[in-house]
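Asks: The chain contents come next:
Number of protein chains: 2
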Amino acid sequence: MARPTPLSGFPELLPAARVVERQVIDSLSRTFELHGFANIETRAVEPLDRLAKGAEIDKEIYALRRVQAGEGEGDSGLALHFDLTVPFARYVLENAGKLDFPFRRYQIQPAWRGERPQEGRYRQFTQADVDIVGQDELPFHHDVEVMRVMVDALDALPVPPLSFQFNNRKLIQGFYRGLGLPDLTAAIRTIDKLDKLPADTVAELLVSDAGATAEQAARCLELATIRVPDTSFVEQVRALGVEDDLLDEGLAELAAVVEGCSAGTRRHVTVEANLRIARGLDYYTGTVVEIFMAGYERLKSVGGGGRYDALASDGRATYPGVGVSFGVSRSLIPLLADGVLSASRSVPSAVLVALVDEEGRRASNALADQLRANGVPCEVAASPQKFGKQIRYAERRGIPYVLFPGPDGAAEVKDIRSGEQTAVDPATWTPPAPDLKPTIKEQLS
Amino acid sequence: MARPTPLSGFPELLPAARVVERQVIDSLSRTFELHGFANIETRAVEPLDRLAKGAEIDKEIYALRRVQAGEGEGDSGLALHFDLTVPFARYVLENAGKLDFPFRRYQIQPAWRGERPQEGRYRQFTQADVDIVGQDELPFHHDVEVMRVMVDALDALPVPPLSFQFNNRKLIQGFYRGLGLPDLTAAIRTIDKLDKLPADTVAELLVSDAGATAEQAARCLELATIRVPDTSFVEQVRALGVEDDLLDEGLAELAAVVEGCSAGTRRHVTVEANLRIARGLDYYTGTVVEIFMAGYERLKSVGGGGRYDALASDGRATYPGVGVSFGVSRSLIPLLADGVLSASRSVPSAVLVALVDEEGRRASNALADQLRANGVPCEVAASPQKFGKQIRYAERRGIPYVLFPGPDGAAEVKDIRSGEQTAVDPATWTPPAPDLKPTIKEQLS
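Protein sequences appear in the order of chains A and B.
Under full-length UniProt numbering, read the first sequence as residues 1 to 445, first letter to last.
Under full-length UniProt numbering, read the second sequence as residues 1 to 445, first letter to last.
If we strip away everything but chain A, and leave its shape as in the complex, we get (with noise of 0.2 angstroms):
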């Protein structure tokens, strides 16, 4: 067999940084965990024709075929997922008598897409989303709820700082409303160019394809601008002057959101509100967030979701929803790359066990279970090569200790960091805890 080469847009990662992309899906299953969302997965694979909608995702689909099927069932009608909200929306519908609502969920899986390949943006990708979603009804509090969750979650992790940028589909629709534009989804879907095209160029396309006047393009521009860390965004869209129910209905939303996801000290997540954010997709109904990484401007954002009053529905009920996805693969595979993040060993062992011969693999063996009842990862050393050889093996690996057998069950446990070596009773020493475990080693630049 040739010696085979990567595929392009389907990172694998070595052993060393699969410790940091575990570590990272174990802290954010944790917090999910203590907001008391439960953990599903779905299975890879949707029918076809629930994916493909006619929309632009469609041709990024990978539909499934059988090789060598016969009699013409070689095409199965499936494919495999694009995202997590679509099995999600159709795993509700399909076990909605079997859940409990309002229903709180995490779930931490890869999706995939054949799109072209570029840094932060691969053919299969985990992405983790948390969503609330209720039957028929879902209060505007769970907004609040799932939104702080995934700042906490992320507040956690050993990542560059992160800002949520949120804003509101009612806000944005109420002030458009209120200023008299016709076309309101035109005009969303324009002003949410702002970050690839000038704000000349955008005030233009309001007025060539949303069929506002000069005048209200200007407002709509400056309602985009607005973006401060606090609550203070309620003032500044009033001195616009644009009166309207659902733009009230908005702010109030919207500053609930800022102010529940500021409360409580950060690390380094900050909350903005940020009024240019709208979030293409057409189901959006209320909150929206975008997430950004510092210095990873590059990769837009890393994360995103909001309120969607319709995720699902089967003819006999609704079901409203409001969530939010973070990009495992898209934030930490350049932050691997750029060696931002690394572990402190590519094994889980803390402990080699040396070995004296082979005579004394028993004995070693021994030793290595008396660790590992302790709940010490340790591993005896292949073979009984001299003690400086063993020492490199296990310093290669990032392996802190090396235990010596001893006569009579004793033993010697070196440092090999410091070179300290000590007498210890193997029955009962462990290494102190931050050796237990790799560590994430987080080097900014």
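The reader is advised that the hints may include incorrect statements.
Treat identical chains as interchangeable: a pair holds within one or across any two.
[Claimed, not checked] In the DSSO-like style, the derived pairs of lysine-lysine whose C-alpha atoms are separated by at most 30 angstroms in a straight line are:
hint: 1; residue 1: K98; residue 2: K437
hint: 2; residue 1: K414; residue 2: K98
hint: 3; residue 1: K53; residue 2: K300
hint: 4; residue 1: K441; residue 2: K98
hint: 5; residue 1: K59; residue 2: K386
hint: 6; residue 1: K98; residue 2: K386
hint: 7; residue 1: K98; residue 2: K389
hint: 8; residue 1: K59; residue 2: K389
hint: 9; residue 1: K441; residue 2: K300
hint: 10; residue 1: K389; residue 2: K414
Rather than coming from a laboratory, the hints here were simulated on the basis of the structure.
Given the coordinates of chain A, work out where chain B should sit on it, guided by the hints.
Replies: Chain B in isolation, oriented as in the chain A frame:
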């Protein structure tokens, strides 16, 4: 959207069942890591030409094509992996220069096969693999090591009793060679049919298909009926009077594996030498094992593996390995369906923080944050219903405690199983450790 129905062969778990699966996976991971095995994940896809080798499995492979792809790029040349061994072999070759050997890894991921679904056989299924791979050489003691790891890992699971049934290819081949059989491969393939065909028929096939004499066929069957829970098989085989160097080697290896895996006290895993275990796959060269679950013999084996002297080779080096795989979906989904395993609750929350009225939400949230700071998963009641309704909400989800906010940050907590209600300090109170996480209940029939 019409209510969707489940897809045959793609089982999904409700949240409580997923609690069981996650705890099983966490428990497996913990044991693997205590033994120094590093976790990796490989991408879900491989180039189709690496998977399809003209074998029986080929027609079960799911290949990927892009929907609406232009210019003839519909077929991606990729397919979903059908096990974790082929991707692991490719990963080792691709990263050989960056891995330290012997390389111990575990991998717990889904795989896909388009086969006809039945109990224990799914189109998407999760398996847990542990392997040790060397570069050019891998001493035999690693066979004992990797099998012991899986014995330890499965012994810690809340499942019915499991039996590890070991054999050794060298033992079989040496015996057949010493006996003078003309076609060893055909003989092994034929003996492997003993679980489907009566002994007489297998004896006839040994004569007709493998070129054995009636006398040789009888000896092959005698060997295959040896099944003991210790190393006494060595004497029994010797008593059959066949002499061969490879047989001696196989006997010594099998004795070492049986002895090594029997050491220590086991909760529910037993170990046997069963000399009819052959495993059809051609790449095994020494130790082989199949794992069976008591009461679920109809699933056939729930795991298996063995020694392969050439997992992979790139022209410069070969990579011998030894490993064993456990079918997580194959064993758990029937156990969950039969009610043998269930979780004490469907949500992570150990506590529901009650809500006096909507104005009190901030106070209840603050109480919840105090609990979370002490590592207690909790949620705040969705609406300020009567306390009786809030208690029933907790009861329905299996949440054991309800915390009622009192004046000035005080609180009372009710254990809704006993009905006992006591005043507590929410800054320091935590539920007893067994209530912190959902527990798995094992209901053996």
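Asks: What are the numbers of the hints that this structure violates, sorted from low to high?
Replies: Violated: hints 5 and 8.
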